[in-house]
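Chain A is already provided as a structure; the job is to place chain B on it using the hints.
Protein chains in written order, with UniProt numbering: chain A, 1 to 725; chain B, 1 to 725.
Everything labelled a hint here was simulated from the structure, so no lab data went into it.
FRET-style restraints, in silico, Cβ to Cβ:
no.: 1; chain 1: A; residue 1: E362; chain 2: B; residue 2: P651; range: 21 to 29 Å
no.: 2; chain 1: B; residue 1: E682; chain 2: A; residue 2: R694; range: 31 to 39 Å
no.: 3; chain 1: A; residue 1: I373; chain 2: B; residue 2: L466; range: 39 to 47 Å
no.: 4; chain 1: B; residue 1: E207; chain 2: A; residue 2: I654; range: 39 to 47 Å
no.: 5; chain 1: A; residue 1: T69; chain 2: B; residue 2: E207; range: 32 to 40 Å
no.: 6; chain 1: A; residue 1: S607; chain 2: B; residue 2: A443; range: 46 to 54 Å
no.: 7; chain 1: B; residue 1: E685; chain 2: A; residue 2: E362; range: 41 to 49 Å
no.: 8; chain 1: B; residue 1: A215; chain 2: A; residue 2: N354; range: 35 to 43 Å
no.: 9; chain 1: A; residue 1: N354; chain 2: B; residue 2: E682; range: 33 to 41 Å
no.: 10; chain 1: A; residue 1: Q367; chain 2: B; residue 2: E70; range: 37 to 45 Å
no.: 11; chain 1: A; residue 1: E544; chain 2: B; residue 2: Q364; range: 55 to 63 Å
no.: 12; chain 1: A; residue 1: G202; chain 2: B; residue 2: Y361; range: 53 to 61 Å
no.: 13; chain 1: A; residue 1: N354; chain 2: B; residue 2: P651; range: 30 to 38 Å
Here are some, though not all, of the chain A residues that point toward chain B, as calculated from beta-carbon distances under 10 Å:
no.: 14; residue: Y212
no.: 15; residue: V323
no.: 16; residue: S326
no.: 17; residue: A329
no.: 18; residue: L332
no.: 19; residue: T335
no.: 20; residue: Q364
no.: 21; residue: F667
no.: 22; residue: R672
no.: 23; residue: L676
no.: 24; residue: C680
In silico EDC-like links for lysine to aspartate or glutamate, alpha-carbon gap of 16 Å or less:
no.: 25; chain 1: B; residue 1: K245; chain 2: B; residue 2: E544
no.: 26; chain 1: B; residue 1: K245; chain 2: B; residue 2: E545
no.: 27; chain 1: A; residue 1: K169; chain 2: B; residue 2: D338
no.: 28; chain 1: B; residue 1: K666; chain 2: A; residue 2: D334
no.: 29; chain 1: B; residue 1: K666; chain 2: A; residue 2: D338
no.: 30; chain 1: B; residue 1: K541; chain 2: B; residue 2: E251
Every residue, glycine too, gets a C-beta built ideally from N, C-alpha and C.
Number of protein chains: 2
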Amino acid sequence: MDLSSFLTSLGTSFLIFMVLMFLFTWLSRRPENHVVYYSNRILMGLDPFEGLRAPRNPFAWIREALASTEADVIRVSGVDSAVYFVFISTVLGIFLLSALVLVPVLLPVAATSKIMMDANDTTSVGAFDDIDKFSMGHVQEGSPRLWAFVVAVYWVSFVTYYLLWKAYKHVSGLRAQALMSSEVKNEQFAVLVRDIPPVPHGQTRKEQVDSYFMAIYPETFYRSIVVTDNSKANAIYGELEGYKKKLAREEIIYAESRHDGNPDGTRSTTRTGFLGLIGKKVDSIEYYDEKIKELIAKLEAEQKVTVKDKQQCAAVIFFNNRVTASAAAQSLHDTMVDTWTVMEAPEPRQIIWNNLPKHFYERQIRQYVIYFIVFLTIFFYMIPIGFISAFTTLDNLKKLLPFLKPVINQPGIKTVLEAYLPQLALILFLALLPNFLMFLSKAEGIPSKSHVARATSGKYFYFSILNVFIGVTVGSTLFSTFKSIEKDPNSLITLLATSLPGSATFFLTFVALKFFVGYGLELSRIVPLITFHLKKRYLCKTEEEVKEAWAPGDLEYATRVPDDMLVVTIVICYSVIAPLILPFGVVYFGLEWLILRNQVLKVYVPSYESYGRLWPHLYTRVLASLILYQTTMVGYFLAKKFFYTPPILIPLPIISFIFGFICKNKFYRFFRSTALDVACRELKEIPNMEVVFRSFIPPSLSCEKGEEYQFEDALSLVSRTGSTF
Amino acid sequence: MDLSSFLTSLGTSFLIFMVLMFLFTWLSRRPENHVVYYSNRILMGLDPFEGLRAPRNPFAWIREALASTEADVIRVSGVDSAVYFVFISTVLGIFLLSALVLVPVLLPVAATSKIMMDANDTTSVGAFDDIDKFSMGHVQEGSPRLWAFVVAVYWVSFVTYYLLWKAYKHVSGLRAQALMSSEVKNEQFAVLVRDIPPVPHGQTRKEQVDSYFMAIYPETFYRSIVVTDNSKANAIYGELEGYKKKLAREEIIYAESRHDGNPDGTRSTTRTGFLGLIGKKVDSIEYYDEKIKELIAKLEAEQKVTVKDKQQCAAVIFFNNRVTASAAAQSLHDTMVDTWTVMEAPEPRQIIWNNLPKHFYERQIRQYVIYFIVFLTIFFYMIPIGFISAFTTLDNLKKLLPFLKPVINQPGIKTVLEAYLPQLALILFLALLPNFLMFLSKAEGIPSKSHVARATSGKYFYFSILNVFIGVTVGSTLFSTFKSIEKDPNSLITLLATSLPGSATFFLTFVALKFFVGYGLELSRIVPLITFHLKKRYLCKTEEEVKEAWAPGDLEYATRVPDDMLVVTIVICYSVIAPLILPFGVVYFGLEWLILRNQVLKVYVPSYESYGRLWPHLYTRVLASLILYQTTMVGYFLAKKFFYTPPILIPLPIISFIFGFICKNKFYRFFRSTALDVACRELKEIPNMEVVFRSFIPPSLSCEKGEEYQFEDALSLVSRTGSTF
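Pulled out of the complex, with its shape left as it was, chain A reads as follows (with noise of 0.2 Å):
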């Protein structure tokens, strides 16, 4: 790619950019669009301004996120937001400082170096052209220039110990804080038991677990909650809500039909058989009405039975404090690790419970066999990739699409599709995995939902390092020197190294693309607003129908993680290759600051808290870049037959894998647990158990009136007489 298609590229980019900006200040003025814009203040009860001032100013929104504090993150997101902006902050910090060393330093470096023009050089396939000129790769083999190039290295691997370190150390004292808020958290008094064994003869489930934890915590146990399997009773509440939302519809319908001049109105008919296209003709209203009858009787009716009769392996149990609790998550309660296992509670909303009885066993072998899937799709997807990347050129294409030559050969197409065909080739590709491998991810066991989100992204996360960046990178070259790796399969490394500089300008390209037309996306929020629009116009009539179609969301951190991760890849892979890229970075990243902190602030909104759990995970994968980084450009000296590198440059992985045992024994308990310290802190006021106790109960069994009756009566006949204990 020559320099006039790279700023071609650049400048489509940016334009896009502006005119998403432009629609952006407009749309967001007019009211109706302000359930997309302002959602999350919408939903607080706020006025969409309330506390803004100017918001005629079309870059206000920029002011207002630089002037909100982490204080306002967590207050109007969670932790888990202001977690997520540490770590963009973190990689934004890590690529500023590189920026300020390296760019002056090693461009003028590289650029001035006299150059060697070898036939097979490691550059991009061609001459040497404009952006070429200032990567490593324009520096002679063996030069004492390349000294200037180790101590960039250095200087990007400390930068990122020193900050990774205070983040770490920062976010601790996020979780530390969040957790030990005088503010009751139910979660903090509830711990969950799975791997319960078989019922001993003549005692239901409940009794088992009841005098189980009575017996060790005679004091603090307060009674607990035996989870059932409610698909019968989920299904009948899924039904019954159905009906309740079609049955508010017809009311409207019909409320606005005797508006229209008939003061009787129009009672509109439905079908009584399948999917109300076939069978009897009936009025809708009062036929909704009798099934919504009929449907909270069998409702009850199943809760009891369900309650009952369905009682499963797993529990969760309430404790009076939260010290006990966290405690009792930590410690090991039967002889027999496999039974009785105990474990932090999740919030309630994100307990998956279909999860909770899958035993031991079971979730080893499904995690063992779920990790082989992904393996498997993996390295399937190779061949796609590479097909792409062989299809994506403009030869090709002219070649195997001869009729699109007439429109592929006009200039300016020509110079944007030479730009962004392989990008949205690619961006494209990468849309479809994720579902999957969330479903994957649920299939393991896991029984909260910001796990599985987490699983969701590691998982997505290897797969967009080994397809994308190393398969990008390697790819052409990859089938052709087959053979040397089979033989030895260290020169995978040197492969790679080598490999590298040839696709700099592509991965320049794809970061511009990713901040200017992603973040323009994510700051419009075209889509959502065109879909509510859509929606509201020819679908919803109750009020609950609208709100459902502005609901904004949550930050989706299993996609959106490994993104971000892919870009820190590349930037740190590329940063002493190719300083360029380091502008990049820092502008992708310093973008996402100011968007997301919109975002956060006033559209998403977060659908749990799992305090700041996603920051081992963001830590390990950014030093697993820094490692991989390393060795690559281990590998890359060795190509420049700089032969100072095995003694100068090896040491560098080694100290990264000294930084992160180090940083995972000292913080990383903390993240998997509460610290009895941070749990003992005083509350503000005596917790209600019974509320406590009530939002862990799930709403198909809660959600009629009898339920007091019967929780009293089934869930708590042994705490009961225990009391008397």
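Positioned in the frame of chain A, the structure of chain B alone reads:
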């Protein structure tokens, strides 16, 4: 080695064994020796023969050993000893079940195989002699008879899995039983805290610790002991105890001298200077009396200073119930994992106080440094072992020490020397190491003696496997084939496999020597008996000194375990190659069981109790031996040109790893910490916390009358005021 020298070796060993047995029968009957042969019973205040029938029968001890139950062992010697018997009987079971199948099946298969005399066969140098005929080396390469050996490999493996699983379950039960006992065990109410951060301004260490735990455990925290630097107090205490002993001794000498017709007696004198050799001559009794008074005052003053000013960053915390203590030991207390680290308290008698204040990272660095030293030790010992196996052939001896020629050439002596020389050299050599390894393990910063014993045993195990087993086996052929290993590290296994049969007879003799002579010495206690009588006659004056002279010591797991493990590894690795070794293994562990039962019930006094924590250590090493065996069998079958090897034998080590993984998942954690279900069992009395607390005060701080006041004052300032919380 030919058959006759093998039989001579066996015969001589057996003869020595019989002589030692006879000595035991004769000596143990004599009342003045009872303290050596019945130490444990005497220390427990029992009559040596109380409850035992027919002490006159020379084989009575065998009947008594066989009649004793596991409960007897636990009662007399604790869970650790019982667990050791589980280990012995498990290994005995493995060898017995293997022998029952392998000996009658494989010996005929091997012996009737046609001999293929290759020049470079893998068996002993020279021709097949009578013993080697019964080994797998005698079977032709690629012969279908090898299938019998394949089946045998599987049989041994599955017998091992089955018995290890059963044993692990049984030991878990023993540990649970002991920990849920209704007796008050002081250490179950305490935890150790290490890595306490620096004292905040305006607080004492004591206040810091007490307020920290009071906040977390307002109702269950009882009191704390801050670990102090006792080195000075210990020195004074040691001096004081020394003078007390000397005084007692002088008083007895004086009393004796009065009886001998001299009514005034002779009062001995001593000099006040260095070692009593120089300086002023004074009356001993008066001098010692004065010294003791002086030292008591000095100790009291030092105790006050120590308790107040020498507090360090570790403490023992007491709780008033077992569940809290065991949950606390398993919970994270501070957000930073490297501060306020909490662990289960070992028994007071096995705490290594000096190691408690060592810091988190100091401990880790020490550990790695020591691993490195051990690694060096293991590999530099290779060289002497190599020398020994080169020297200890008679021909070499004759060449190097020609003056021995006339002695060696006598046929009787020649046979004996030929049979014993290499083995004796090896055994002597191995006796040098344990103390060094024990010292290293202590320097790691491990806080309990039982853990140090395990760490030492682990290091010693590596040593003996690498140097004795692999060293002797491969040693001779290693140097000549060193280059082939360099080219292909995998060939190490093949090398080991092909060298195995050659050393079979060596190890046969080695095992036989170990059990006949080793257990003969163990049972007859000749060495302790002679030492005791010598000391009693020439050194001991006071009762106390006599008691010290016959103090039996404990089982010394640090050396006993690796010794037995070496035999386990040898026998299991040779089980299929030379099935003749199995009966030897059976006799070894059969005799060990019998003789150790006798010694445990009547002689040894355990110096600590770790509630079976030794077991995972034993189990892991048995499993490791099994995996070593399976791997070498893969190599050996490959060397035998048995082409079904990869699909048929390679799954075995994989199964072993899965087995180990499951066992670890299911059982291991309970051996690291106490399950709450176990800790919550009721006690038969309310524990006297004052007694629990006092049991942890080191003797040098608690020996004199002043303690009451002092400890009340200095140790429990906060907990006293705390009781008004």
